[in-house]
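Undergrad: Chains as they are written, first to last, in UniProt numbering: chain A, 1 to 348; chain B, 1 to 348; chain C, 1 to 348; chain D, 1 to 348.
Hints listed in this document are in silico derivations from the structure and should not be mistaken for laboratory results.
Here the structure is a predicted model, which is why all the values come from computation and not from measurement.
Incorrect hints may have been included.
One side only, chain B facing chain C, incomplete, derived with CB under 7 Å [claimed, not checked]:
1) P9
2) N103
3) V105
4) N106
5) G109
6) R112
7) K113
8) T143
9) E147
10) N170
11) S171
12) L184
13) E310
14) Q311
C-beta atoms are modelled at their ideal positions from N, C-alpha and C, and glycine is treated no differently.
One-letter residues, chain by chain:
Number of protein chains: 4
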Amino acid sequence: MAASGDKLPKMQYRFLGRSGLEVSAISLGGWVTYGDAVGDEEIAFECMKAAYDAGINFFDCAEGYAEGKSEIVMGKAIRKYGWKRNDLVISTKIYWGQAYGDNPVNNGGLSRKHIIEGVEGSLKRLQLDYVDLIYCHRPDRHTPIEETVRAMNYIINTGKAFYWGTSEWNSEEIAMAWACAERLNLIGPVMEQPEYSMLARDRVEREYALLYENYGLGLTIFSPLKQGILTGKYNDGIPEDSRIAKAADGFTTTQRESYGNEQWKKTLAQVKQLKPVADKLGTDQATLALAWVLKNPRVSSAITGASKVEQITKSVKALDLIPKLNDEVMTEIDEILGNKPAAPYRRL
Amino acid sequence: MAASGDKLPKMQYRFLGRSGLEVSAISLGGWVTYGDAVGDEEIAFECMKAAYDAGINFFDCAEGYAEGKSEIVMGKAIRKYGWKRNDLVISTKIYWGQAYGDNPVNNGGLSRKHIIEGVEGSLKRLQLDYVDLIYCHRPDRHTPIEETVRAMNYIINTGKAFYWGTSEWNSEEIAMAWACAERLNLIGPVMEQPEYSMLARDRVEREYALLYENYGLGLTIFSPLKQGILTGKYNDGIPEDSRIAKAADGFTTTQRESYGNEQWKKTLAQVKQLKPVADKLGTDQATLALAWVLKNPRVSSAITGASKVEQITKSVKALDLIPKLNDEVMTEIDEILGNKPAAPYRRL
Amino acid sequence: MAASGDKLPKMQYRFLGRSGLEVSAISLGGWVTYGDAVGDEEIAFECMKAAYDAGINFFDCAEGYAEGKSEIVMGKAIRKYGWKRNDLVISTKIYWGQAYGDNPVNNGGLSRKHIIEGVEGSLKRLQLDYVDLIYCHRPDRHTPIEETVRAMNYIINTGKAFYWGTSEWNSEEIAMAWACAERLNLIGPVMEQPEYSMLARDRVEREYALLYENYGLGLTIFSPLKQGILTGKYNDGIPEDSRIAKAADGFTTTQRESYGNEQWKKTLAQVKQLKPVADKLGTDQATLALAWVLKNPRVSSAITGASKVEQITKSVKALDLIPKLNDEVMTEIDEILGNKPAAPYRRL
Amino acid sequence: MAASGDKLPKMQYRFLGRSGLEVSAISLGGWVTYGDAVGDEEIAFECMKAAYDAGINFFDCAEGYAEGKSEIVMGKAIRKYGWKRNDLVISTKIYWGQAYGDNPVNNGGLSRKHIIEGVEGSLKRLQLDYVDLIYCHRPDRHTPIEETVRAMNYIINTGKAFYWGTSEWNSEEIAMAWACAERLNLIGPVMEQPEYSMLARDRVEREYALLYENYGLGLTIFSPLKQGILTGKYNDGIPEDSRIAKAADGFTTTQRESYGNEQWKKTLAQVKQLKPVADKLGTDQATLALAWVLKNPRVSSAITGASKVEQITKSVKALDLIPKLNDEVMTEIDEILGNKPAAPYRRL
C-alpha cells in the first residue's frame, strides 16, 4: 500500500484513541460521495482506488448514507480491487436504517433489535463478514444506554465488529456509556465521530476534554472544511449551483438555520481573512483547514469526501503542511477565528 | 405499512417499557385465533394481513397455543406475504411444550433444557431465525430463578431473541428475576404479559407499581375484553353456543369458578351499566373497553384476538376513542366498576 | 412414554437436585452393560427399549465406558428407535479419554483441552448435538478448579450440555468448585454421581449434607446393589463364574482389597440378615436394596445396569416397595447394617 | 506415541505451569527450522516425525516465523502423518503478521483487529480449527492491556485456542495482564515463552519469581543453547559460515551488539570451562546445557530446533542427564558462570 502518486507525502497512521488500531490520518467517507450524490459508481471506485494507493486505510460509511447505496458501492470496490481485508479499516454506523426501508418503526435508533438487524443489513450490503468500527450514528434518548452498550458488545462478541463508538454524542452521553460498560464489565465506546473544523471547535477542544484522559477516546472527525466554506470558495459570494446553496443533506440544523444571516456573513468575513495565512504558507485555504484539524493530536483521522480523484491527492498533501503550523501560525489563526474554547475547568 | 382501510386511525407505536423497541399499541395474538380454534388457515392469513395493513407490527404467539399450530400458521403468513423481518415484532412463549409433545416430563416449565429445546422448536415452527420477544409463559416454582434467568440470557446471547419477559408472574417473582440478573450482570425481564381489563385491574394498577419505576417493566396485556364479557354481549343472558358457556380454554381458573355465581351476576350487572357510557361517547362497549386499557400508559400493547377481519378493523378504531376518555369519563367508569386499586403503600 | 409392561408401576420423576430438570428415579447406565461386557449390541438395544417403555428417561454414559463403545451403542439405539431428543436425558462423563485413545497424555483428566476435545469425541460417538448432563468423572487434582469450572461453562455456553456435575468428588472439592463458580459468576456443578447403597452410606448421608442445603446438589447414584452383593446371591458362597469372583472392572479399589477378608465375611453375614426383612415385605433382597436407596429423597436417580430385559422390569418394580419402607423397617435395616452415619456436626 | 529409537529415554511430560495441560519437557520449535531457513519441506517433515516418535507432543510455531511458512509446513506434517489432534499440543504466536503481508499497518502488534485476524490467518495456514496455545509474541506498548486480554479471551471463547500466554513480556507486563483479567473475571495468561539458558538466567530465575507463586505461570523456554554458543562449537573460534557469524535473524539485539566485544570473549571463555564438567558427566556440552535448563522445575518445556533428525535424538537424550545434575554439579556450574541471580527480595 505505498503511495503511487509521484509527489504525494507518506501517509501518517495514528492510533484510534487509546486503542491498538491504526487509522490513516486522512480517511475517505462515503457521506455524499457514493450512491445518490455521485450516481456514477465508476467515479466512486476511482476515488477509493486513489485513496488506497495514497495509503488511506480507513473508509467510513453508514447504513443511512444514500439509502444504503454507499455501503453497496464500498463493498463492490473492495471486491473489485481484491484488497486484503486485514489491510483495511472499514466502518459503518447504525441509526438511520429507515433510510433504506419503508418503515421507520424499529428500523432506526439504537434498540437491540435495530442494532443487530441493522448490522446484519450493513454487512450484507458491504459483502463483508465484519466491519472494524461500528458507530452509533446519533444518541437515541428513547433507548436505555444499557440496552445499547449490551447490543454493541453483542456485535463485538459475535465477531461482527472489532470496536464500537459513537457519533455526535455529547460528553455526558459518552461518559454514561462508559459508566454502564464499566459497571457490567463490558467494552466501552472507543471513538467518537464529531464535526470538527476551524469553525466548529467547542466540542472537540473543550467538551470532550476529560473523555480523552479518562477513557482514551479517539476521534474520527468529519466536515473539516465545513461543507466547503473553509476552502474559501464562497469568499466572493455563493455560486447558485453549489451544494451549500441547495442546503444539501449533510448540513446540520445549525448550518441551515444560520445560512445567510448575520452570523453567516461574519463567518465568511473571517474565512476570507484566512487567505493571507494560506498564501504566506504557500498553500491554499482548503489545505490549511485540513492540516489545521490534523495538527490536533486528539484527531485520529479526518474524514474527507471526494467526487474526483484530484480531491484525494489534494487532501493527502495537507500532511506536508502540518509541521509548518507552528505556534505563531496557530495563534494568528486563533485570533482571526476568535473561537478558541476556554480550557475545561479543573480545581487545583 | 400504511393503513389500507379508508377510515382507520393511524396506528400508535409505544416503547416496550423502558426498552428501545416499539410495538403497535394494538397487537394480534394467536391464542384462540389460529390453529385448532379457527381451523381454517386462510382466515388466519387474512386476519394477519388486515392487521399488518392497519399498522399492527406485533404478533404474539406461544408454543402452547393450539399445540404449536399457532406458530406454524404465523410462520406461514410471514412467508406468504413476504413481510420484512425487521418490520415485525414476533413473540413466542415457553412453558407448555407438552402441548405439542406426548410427554410432559421436561417438555414444560422453565428448566434450561426446556427453554433451549422449546425455543428451538418454536423457531422451527415459525420458520424464523429469531423471535423479538421470548416470554416465560408462567412462573415455574420448581426451577430456581437463576437457571431460568441464565437460560433466557443464553437465548439472547445466541441471537435467538432480542428481549425476554414473563407472563402472569407475580411482582415478587419478577423482582427476584431482576435481583438475580443484576447480581450476575445479566439481562433482566423487560416485559410482562398480564391479564388486564376493566374487570381485572389489581395486578397492573397496584401490584406491579414499583416494577415500572425500578425496572422499566413494559406490559403487553391480554384479555382486554375479559373473554368477551366487556363487549356487553352477555348483558341480556348467555347464548348457549357462546365460548363462555363452553368454558373455553382461555378461561382462567377464577373465571371458571365464578361462572354463574353471585359475583358473576354482579359483574354482568356492572358491565350493563357501562352501556350508557359507551352510548354517550358514540361508541360501543367493546371499543370502550379496549380504549380504556390503552389509556393506561403502562400498557405498551393490548393483545387482541380475531377470527374475522372486521374484528381487527373494529379494534384499531379504539385508538380514536382514547383522547375522549377524559377525567370525568374515567371517574364515572371507576364508580361503576368499584374496583379501583388503592395506590401502593409508600412511606413519606 | 407410558409403561408398556402389564403390571409395571408408574415411573417416578424427580428433580435433579435444585435444578428444573426431571430424571426418572430409576435410570439405565452403560457402565458394564454396553460395549465390551455385553458384546451383543442387540441385547443393549432391547434393554434400552424396555427401559424407555418403562418410563426411564435418563440414560447414563461416559467416555471411559468400554473404550467409548457404550456411547456408540447408546447413540445407535436413540437413532434406531427414533426417540425424540427432548424426551431423553442423556449424560456422559469426561476423565478417562485415554480409554479409547492410545495416548494418556492430555486425553484424560479435567484440563480445558481434554474437556473440550473429550466432549467433542463423546458427541460424535453419541451422534448427538448435545448431552443434557456432563460429568467430571473424577476429581483431577492436577488441574486448577478454575480451569475446570471455566471449561464446563464453555461446554454449556456453546450449547453442548445443559448442566454439569461431578462424580466421586469429595465435599470439599465440590464446595471449592462452587466457590470458584460464584466468584466468577459462572454456573456451578448441579449434580454428583456417587456410589450409594446399604453398604456405602457415609458420603451421601453425612459428607455431602451441607452441599444439599447450600448448593441444591442432586444425586444420580450408582452401584445401589454394591456390584450384586446386596442381591443376596453370594449369601451361600461365591459362584466361580460370577463377576465378583473375576474382580470385574467395576470394582472399586476398596472392594478389591477387601474381597475375601474379615470385613468381607462380616458384610456377607449382614447381607444374609436382610433376607428375612425382604421376605416379610414380600419381596427379594435386590428389590429391597434398590427401594432403600430411592427412599432417600436426596437421590434424584438410581442408576441400574442391565444385561437382560428382565432386570429392568425387576428394577422398576422397586418403586412399589418404597412406600412400604416405613420407620420401623428402616430402623430394623439400620440395626442390621450398623453403619448409619452420625448427623453432620452443627453448633447450635 | 512410544519412543521408536532403540535407546531413547522415555519422554517426560510436565504440566504447563498451574494449568492441566501436559507438554513434553522437550519440544520442537519452528523458529529457524521450517520454511525459509531449511527450504526443504521433507527435512522438516522428517524432523517432526522423529520428534513425534520420541514422544514430543508440543510443536511451537508463530505467524512471524519464515513469513508464515513454518505454520504451513507444520500443518502439512500433521495431515501427512495423520496424527490425532488431541495427541498434539500446537502453539502459535501473534505479533509479527507483517512478516507475511505487504503492509505493517494493523498487521502486527496486539490490537483486537490483529489478534483476531492474525489467529484466523494462522489457523488457515496450519489447516487447524484451533491451536492449544496462543502467545502474544512480544509486548505491544501501544495497545492497552485490556484490549489484548479481552481479544485473547475472545479467541478462547470462540474455541480457537485453549490457553493464552506471552513471550518476552517483563514481569510487570504479565502482572498487569493478570490484574486486568482478574478485574474483568477473564482468563489470564497461563504461560510465558522467555529465553533461558546458562547464559540468560535473570528473567526466569529472579524477575518472574513472584509470578510462579501468584499466577502459576508456566514456561516454555527458547534458546536453551544460546544460538549454539553453549554447544561449545565456538570454543576454538567462529567458523566463517556459521549462523552466528552471519548474525542470523534469531539473534537478540543484545547478542548482536555484544558479538565480538569483550563480554563476548569472556562468555566464550566461560563456555569453554564447561567442557570438563560435561566430560566428567560423560556427555557433551550441548546435552549438558539442555539438561541444565530442564533441571529447573519452572521450565515446563524447552523448545529446541532441528534441521536434522539426529539433533532431535540428541536433544531427547538430555532427559537422562537431568538426575545426574546434583547439587555439587550445579554449584560447580554456577561458579563457572558467575551469573546466578540473587533471590528476589522479600521482607520477612
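Undergrad: Any hints this thing doesn't respect? Which numbers, in order?
TA: Structure breaks hints 1, 10, 11, 13, 14.
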